[in-house]
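These protein sequence lines map, in sequence, to chains X and A.
According to the working numbering, the stretch in the first sequence is residues 1 to 305, in order.
According to the working numbering, the stretch in the second sequence is residues 1001 to 1358, in order.
Read the hints as simulated data drawn from the structure, not as lab findings.
Be aware that a few hints might be false.
[To be verified] Simulated restraints, written as ranges between beta carbons of each label pair:
hint	chain 1	residue 1	chain 2	residue 2	range
1	X	Gly101	A	Ala1282	35 to 43 angstroms
2	X	Ile263	A	Ala1307	37 to 45 angstroms
3	X	Gly101	A	Glu1303	57 to 65 angstroms
[Said to hold, decoys possible] A few chain X positions that, by computed beta-carbon distances, are all more than 10 angstroms from chain A:
hint	residue
4	Thr160
5	Ala174
6	Ser175
7	Arg185
8	Ala233
9	Leu254
10	Gln257
Computed from a predicted model, the values in this text were never measured in an experiment.
For glycine and all other residues, C-beta sits at the position ideal for the given N, C-alpha and C.
For reference, the chains in residue letters:
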Amino acid sequence: MTTFEAILLTIVTASTPLLIAALGELVTERSGILNLGVEGMMAMGAACSFAAAVTFDSTLIGVAAGILAGAFMAALFALVVLGFAANQVGSGLALTIFGLGLSGLIGAPFVGSRRDPIAPIDIPGLSDIPVVGRLFFEQDLFVYASIALTILIAIYLKRTRSGLTLRSIGENHASAHGLGLPVLRVRFLAILFGGACAGLAGAYLALVYTRFWSPGMTAGRGWIALALVVFAAWRPAWVLVGAYIFGAATVLQLHAQAAQWGIPSQLLSAVPYLATIIALLLLSLRYGRAIGAPGSLGMPFVPDR
Amino acid sequence: MFSKTIMGALAGAAALALSAGAASAQQKLKVGFIYVGPVGDHGWSYQHDQGRKAVEKAFGDKVETTYVESVPEADSERAIEQLARTGHGLIFTTSFGFMEPTLKVAKKYPNIKFEHATGFKRAPNLSTYAAKFHEGRYIIGQIAGKMTKSGTIGYVGAFPIPEVISGINSYFLGAQSVNPNVKIKVVWANSWYDPAKEGDAAKALLDQGVDVIAQHTDSPAPIQAAEARGKFGFGQASDMERFAPKAQLTAIVDNWSDYYVARTKAVLDGTWKSEDTWGGLAAHMVVMSPYKNMPDDVKKMAEETEAAIKSGKVNPFKCPVIGQDGKEIECKGNGALSDEQILGMNFYVKGIEDKIPQ
């Protein structure tokens, strides 16, 4: 493996959890719900996936547990913001704090355990192509799944009837309700999907990226995923671009330090944030009308008011 | 509305539980600990918590311990005051950033004894303590200098503060003492604790030809990255062998247990005084985990250096120390740099090609 290939592989690993979590949040937000609990759901996904993977010695069961844990947390959030029409910002923050705490409790017996790396999927022949071969055809399943998810969500939102329903509920829940669309049911499913994605992202972090569990290991990635959704103007393809720019800048600034270019490391540490914001701003300038936030984003909805 | 009622009820129940606990424990000495990270970080805070457990084990029924973990440095005053108000007689605050808040609370509660780790501000009821980690870093530097095949060793640092910089210098001086042509690359994670990023920092070093990595961040991610690539590394703060059984050459283990037990005993006996303690290998505050995965001659060298540092024959910062610019650093100690010079170190030694980020 050449240095260049190694760097590219590291970038893919750094970007994938951000992409998965941001895609889930994007769907939730397009239905009009702002869930600030991504960080907490991600931490729960990481803790539960690692605990299950170690207990049953199976990565697959671990991943399933991570997804379920994220969805479970999201269901709690849905109960509060849909059932009691509570403030979404407050509830989301509470979910983050709760998730970080509960994940520490669940993960406590597994601190210090480690898992072996999962084997990447090797597509014979194709993965032998120089440089791009390993990059495109020898990744783990998560990476392929995250790309597929981006495409599927883009198609779903733009080309399907159900996607249209979800978007119209997000734009104006009162009108959608007037048309007889099931606002609360759609939002509930969108919140669950967001939680499942955050849980999957957490599972990736614990099972592939670091391969151990320790409390607070999400280290703010949930917040970055949230920011990506906003800067990508709620578009799946741009979320993909944003996640990869952020991942690339994170990894490359470390290389710039090791190469001793003499740029202050504090400045380099800020590069991922700056690069992502600038790139996505340019995208929205270049490609015309930047769609704003969904019209009903963050507003509570009570059907019979 | 509904959720508010539930929260109120929960808070009330918690307050009741706390006051009940306080009433039944009046005769015991309550010892409190404030940690900057989670006890499960398997590094800095974990080792402090091992010290807390040692206190419980040593005194049994005579003490009761409490800890508050993951306390942000900016918000620590509230947590410290909380311990002070709930009847604690001895409180350890275990991060540099807790210095001002600890001092403030200590002045407010003159009858309670406080102990602050790695700081320099004392009061009649406030002691400070720290460990000479740079002694251990000199040993791992020598090992790295012997073990590197590429001639380039690496260092993952958290923040460019004196504690970390003196560690880098000591590591490099150790390596240079056995391998005069050795080079070092430093990458700053700009975080004490972000496992994924620490791991990426280590990978960046490995990608650029480094084959032995030392770290001054708190998670086992860097040494694990070395393990995955078949290279070497050193454990930080605690023994990280289980994360990297083939890569860990040794670990610099913080050992607070003896100190915490001694200080608790002093309070129980009524002999506690405000002091400044800065112990190293000789005081057992810094312990090297077993030397492994290296040839016998390297192991022997490491053991000899460890013994020599303990007996005072070897000092990592023995004068003359030459700065990066080639000028000799003024020698303010007895044949070596003074403690103040080490605690405030803000320069790289000669041979390190990088610059300290300002």
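- Message: Please list, smallest to largest, the hint numbers that this structure does not respect.
- Response: Violated hints (numbers, rising): 3, 9 and 10; every other hint is consistent with the structure.
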